[in-house]
Amino acid sequence: MWKWIQRQASPKVFYQTCINLRPWFFWPFIGFLTVGLYWALVVSPADYQQGDGYRIIFIHVPSAILSMLIYAIMAIAGGIGLIWQIKMAEVVAKVSAPIGAAFTIIALASGAIWGKPMWGAWWVWDARLTSELILLFLYLAYMSLNSAFDNPRTAAKSSSILAIVGLVNLPIIHYSVKWWNTLHQGYSVGTGGLKDPDMLIALALMFVASIFLYTTLVAIKAKTEVLIREQNARWVKDEVQGVIL
Amino acid sequence: MTMVEYFSFLPYGKYAFYVWLAYGVATLTVIFLFIGARRNHNNTLNSLKNKYSRGND
Chain A
1 MWKWIQRQAS PKVFYQTCIN LRPWFFWPFI GFLTVGLYWA LVVSPADYQQ GDGYRIIFIH
61 VPSAILSMLI YAIMAIAGGI GLIWQIKMAE VVAKVSAPIG AAFTIIALAS GAIWGKPMWG
121 AWWVWDARLT SELILLFLYL AYMSLNSAFD NPRTAAKSSS ILAIVGLVNL PIIHYSVKWW
181 NTLHQGYSVG TGGLKDPDML IALALMFVAS IFLYTTLVAI KAKTEVLIRE QNARWVKDEV
241 QGVIL
Chain B
246 MTMVEYFSFL PYGKYAFYVW LAYGVATLTV IFLFIGARRN HNNTLNSLKN KYSRGND
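If you're matching them up, the sequences are chains A and B in order. Just so we're aligned, residue 1 is where the first sequence starts under the numbering used here, counting upward by one. Just so we're aligned, residue 246 is where the second sequence starts under the numbering used here, counting upward by one.
Here chain A stands alone, though its shape is the one from the complex (with noise of 0.2 Å):
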């Protein structure tokens, strides 16, 4: 397993671990997708306090887990590239950005939609949504940062110490409806959260469906990144003229 880690970190190697690892990530995500759709719109019952209206959840709260931790493994994977000097680990971080930013704003949307008929706004400055609204802001920065430089490891560089120092927003999001009083809801699994069995199953299958999405993506987007900063290599130039457009 160690060994297969560090064969990764050849470019050649990593595009060929994308293209065959894009069926194992994109056939279950299809998979749990369905089963857990099923299960949050029409398995869970109606909630006692707001109807089916709770239902945004079952795509609300896996879009705001993975935000974060889309965050996470991209600053991770950043730092890995600034310590190791491993490329492709530069490679999973860019990619990376663009999908934690999708989370965000489907997690930052879906909540709007639910606020509305739950609280009676849209929009609320509340602890919970302006940090999670910083998280979108962060990875727009980098994105912007690391679109701003023409050497991809240069980009790299200064857009990983952008991410790594946004670490510190992870704890302010997870923790802000507990530090202040929030109009949002508190946790949504564990003590007085959901209780029923089928909507927990529910988000447990639309979270690992969410997981399975993102990597599915990583793996469609790297083989790209890996082309063009590996553009002058003999394999590239091969692997290109080779395909039929």
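The set of hints was computed from the structure by calculation and includes no laboratory data. Just so it is clear, the structure is predicted and the values come from calculations on it, not from any experiment. Mixed in with the good hints there might be a few duds.
Simulated crosslink set (SDA-like; lysine to any residue; CA at most 20 Å straight-line) [to be verified]: (1) B/Lys259 x A/Lys195; (2) A/Lys195 x A/Tyr48; (3) A/Lys116 x B/Glu250; (4) A/Lys237 x B/His286.
Fit chain B to the supplied structure of chain A, relying on the hints for placement.
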């Protein structure tokens, strides 16, 4: 007639508009991610092909 009333014939009644809007936004975002990744890959292949065919790499 508000949007909420208009869409109340769907499952989840008075919440139908909000629930389906949220699921719709999420679905569209994910579809855009896939389309964007595919387009980006094809554009990259095209520009690299052009670059190699010019023979100045």
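Okay, the hints, checked on the actual structure:
For the given pair, lysine 259 of chain B sits about 24 Å from lysine 195 of chain A by alpha-carbon distance, which is inconsistent with the 20 Å threshold. For the given pair, lysine 195 of chain A sits about 11 Å from tyrosine 48 of chain A by alpha-carbon distance, which is consistent with the 20 Å threshold. Proximity of lysine 116 of chain A to glutamate 250 of chain B is assessed by CA-CA distance (about 15 Å); at most 20 Å being required, the pair is judged to hold. Note on lysine 237 of chain A and histidine 286 of chain B: the hinted pairing holds, with a Cα-Cα distance of about 15 Å set against a maximum of 20 Å.
The structure fails to meet hint 1 from the earlier list, while all remaining hints are met.
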